[in-house]
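Residue numbers (our numbering), protein chains in the order written: chain A, 1 to 378; chain B, 1001 to 1120.
Simulated from the structure, these hints should not be mistaken for laboratory data.
Hints are not guaranteed to be accurate.
[Stated by the list, open to error] Over 12 Å on every C-beta distance to chain B, these chain A residues come out as not near it, computed from the model:
(1) 48
(2) 208
(3) 334
(4) 378
[Said to hold, decoys possible] Label-pair distances were calculated between CB atoms; the ranges are:
(5) B/1006 to A/363: 51 to 59 Å
(6) A/307 to B/1076: 43 to 51 Å
(7) B/1015 to A/373: 40 to 48 Å
(8) B/1081 to A/17: 42 to 50 Å
(9) A/212 to B/1092: 42 to 50 Å
(10) A/131 to B/1002: 54 to 62 Å
(11) A/184 to B/1112: 47 to 55 Å
Ideal Cβ placement from N, Cα and C applies to all residues, glycine included.
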Amino acid sequence: MDDQTVLKTTPLHALHLSLGARMVPFAGYDMPVQYPAGVLKEHLHTRTASGLFDVSHMGQVVIRAKSGTYEDAAFALETLVPVDILGLKPGRQRYGFFTDDNGGILDDLMITNRGDHLFVVVNASCKDADLAHMQAQLTGCDVELLEDRALLALQGPRAEEVLAALWPDVVEMKFMDVRDASLHDAPCIISRSGYSGEDGFEISVPADQAEQIAKALLEDLHCRPIGLGARDSLRLEAGLCLYGNDIDTTTSPIEAALEWAIQKPRRTGGARAGGFPGADRILGELANGTSRRRVGLKPEGKAPVRAHAKLYADAEGKAELGEVTSGTFGPSVEGPVAMGYVPTRFAEPGCQIFAEVRGKYLPLTVAALPFITPTYKR
Amino acid sequence: MLKFTAEHEWLKLEDGVATVGITSHAAEQLGDLVFVELPEVGAELSKDGNAATVESVKAASDVYCPLDGEVTEVNQAIVDDPSIVNSDPQGKGWFFKLKLKNSSDADALMDEAAYQDLIA
Chain A
1 MDDQTVLKTT
11 PLHALHLSLG
21 ARMVPFAGYD
31 MPVQYPAGVL
41 KEHLHTRTAS
51 GLFDVSHMGQ
61 VVIRAKSGTY
71 EDAAFALETL
81 VPVDILGLKP
91 GRQRYGFFTD
101 DNGGILDDLM
111 ITNRGDHLFV
121 VVNASCKDAD
131 LAHMQAQLTG
141 CDVELLEDRA
151 LLALQGPRAE
161 EVLAALWPDV
171 VEMKFMDVRD
181 ASLHDAPCII
191 SRSGYSGEDG
201 FEISVPADQA
211 EQIAKALLED
221 LHCRPIGLGA
231 RDSLRLEAGL
241 CLYGNDIDTT
251 TSPIEAALEW
261 AIQKPRRTGG
271 ARAGGFPGAD
281 RILGELANGT
291 SRRRVGLKPE
301 GKAPVRAHAK
311 LYADAEGKAE
321 LGEVTSGTFG
331 PSVEGPVAMG
341 YVPTRFAEPG
351 CQIFAEVRGK
361 YLPLTVAALP
371 FITPTYKR
Chain B
1001 MLKFTAEHEW
1011 LKLEDGVATV
1021 GITSHAAEQL
1031 GDLVFVELPE
1041 VGAELSKDGN
1051 AATVESVKAA
1061 SDVYCPLDGE
1071 VTEVNQAIVD
1081 DPSIVNSDPQ
1091 GKGWFFKLKL
1101 KNSSDADALM
1111 DEAAYQDLIA
């Protein structure tokens, strides 16, 4: 991005500045990377208490069939994602991804059945392209980007207690439930999900009431503001993909080890098998496997192994295997953690490989994901 | 004598040997350090060459050698506990000692007042 580009801001921008955030450009927005506490403390606070994240840069989109029925909207979206959307119950949410004709991933998203329509949340960096894609392909639907709403993520073992102060009914929600709620008289959509590996919520709020609600949540001393820096280390410890790093148009969902998100009705032999872009490749890979897989990687030493570090079978850098797609220091793991792609024969946990870091070949062990034990309330 | 570089290093000069570290300003900008890699004792380093690497949760950064010289001692304590660099960057958080090739090279570096003006 050149210096002339004016960064967009979220409805919480003034709050971030007042909290002393360090701001950075991210996906065209001026976003808080950290607050004065710093990434390490913010990360640990989220795992032990609760953290509040501004994720208003993400795209919140309503898909409504012109016929007015949920079924027609679900059938339509199933032509773009390999997910069972028709079978999704009202008030329930599912993870999915838009695929392309080559079986690559255009974006990943959260999909909710809102009774008579669909509500989806897409990545900030992809939202313009996703919107154009849906508007072009979902001809029987009205696809609307909600520009007058902010999105807050409240994550951590004390998130329920923090949110219950504003809305006691939250205790009835389970992981991946989605409910309407009134917070300080603002109409909100609350999902019990997130991107940290902890129990928690994402709260869609009217833009003009976002700051008031964020401040109300932060009044609880167990809840602190958390920046994008800790958001990244939390999601990586939780084994969750970052679009653009770990998955993109060059990776298929099966290579990315995301086959759990493709339910039976969309698989070969299912009631609505295929019918999404790249289905031949993706269903073929489900049956026959892939030549490479996304795996967790645990560096054996203390040095973080970052994205784009090359992976090798040997400590001399002779047999290249692939590359690291995300890597950082995991504050809860108290050591470096990473993800990357390796040939399938190296994809077994326990397999030792090497990564090139500043001219040295550091040993890593292929590890099961996630690196932490999630606390989702199932 | 205390000197500073535009790369945010400090040097404490005694008898032709410089104790080198990163400034409080640099430590604050980097955030909590989680990894430090130091040069080998005996290494001959050139001015502006890579001397050390520090990593925060977010990113890796290079620490450059402020002057030509030979590494005579390194601070293993910051390798074992990188948080020392954040808590006491201009004291216990020193990185390495450098026997200067030419002691007079240090004259060209900034004094504390000039460095404070730079980061102001």
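Structure-based check of all given hints:
no.: 1; hint: 48; in the structure: holds, 16 Å
no.: 2; hint: 208; in the structure: holds, 32 Å
no.: 3; hint: 334; in the structure: violated, 9 Å
no.: 4; hint: 378; in the structure: holds, 29 Å
no.: 5; hint: B/1006 to A/363: 51 to 59 Å; in the structure: violated, 37 Å
no.: 6; hint: A/307 to B/1076: 43 to 51 Å; in the structure: violated, 29 Å
no.: 7; hint: B/1015 to A/373: 40 to 48 Å; in the structure: violated, 55 Å
no.: 8; hint: B/1081 to A/17: 42 to 50 Å; in the structure: violated, 33 Å
no.: 9; hint: A/212 to B/1092: 42 to 50 Å; in the structure: holds, 45 Å
no.: 10; hint: A/131 to B/1002: 54 to 62 Å; in the structure: holds, 57 Å
no.: 11; hint: A/184 to B/1112: 47 to 55 Å; in the structure: holds, 51 Å
Consistency note: the structure conflicts with the earlier hints numbered 3, 5, 6, 7 and 8.
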